[in-house]
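Enquirer: Sequence:
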Amino acid sequence: MQIDHEPNQPSHRAIKIVAMLIAIVVLASWSPLRTGPARWAVDQFPIELTMFLAGAFTAGPICFAFEGG
Numbered sequence: 000m001q002i003d004h005e006p007n008q009p010s011h012r013a014i015k016i017v018a019m020l021i022a023i024v025v026l027a028s029w030s031p032l033r034t035g036p037a038r039w040a041v042d043q044f045p046i047e048l049t050m051f052l053a054g055a056f057t058a059g060p061i062c063f064a065f066e067g068g
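In this text, residue positions in the sequence shown follow numbering that gives the first Met the number 0: the first is 0, and each later residue adds one.
Everything labelled a hint here was simulated from the structure, so no lab data went into it. Any given hint might turn out to be false.
Stated by the list, open to error - Using 20 Å as the maximum straight-line C-alpha spacing, the simulated SDA-like pairs for lysine to any residue come out as follows:
| id | residue 1 | residue 2 |
| --- | --- | --- |
| 1 | K15 | F44 |
| 2 | K15 | M50 |
| 3 | K15 | A27 |
| 4 | K15 | G59 |
| 5 | K15 | L26 |
| 6 | K15 | T49 |
| 7 | K15 | F63 |
| 8 | K15 | P45 |
| 9 | K15 | F51 |
Let the hints inform the model, and build the full structure from the sequences given.
Expert: Written as structure tokens, this is what we have:
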């Protein structure tokens, strides 16, 4: 059986599965922010802070997943 990756590194298939799960979570959590009380809460913050927090909450788990945490 041939292995297409280093033993200590995640496989390409695992990376694709993680990427798909992250995309699903992002899409599922984005919809409630467009309407309802969550929208009002987000509108109270400056747009720069909202963009920073969205990037941090998105990039943080992605980097953790790719690092092998």
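Enquirer: Hint numbers the structure violates, sorted upward?
Expert: 1, 2, 6, 8 and 9
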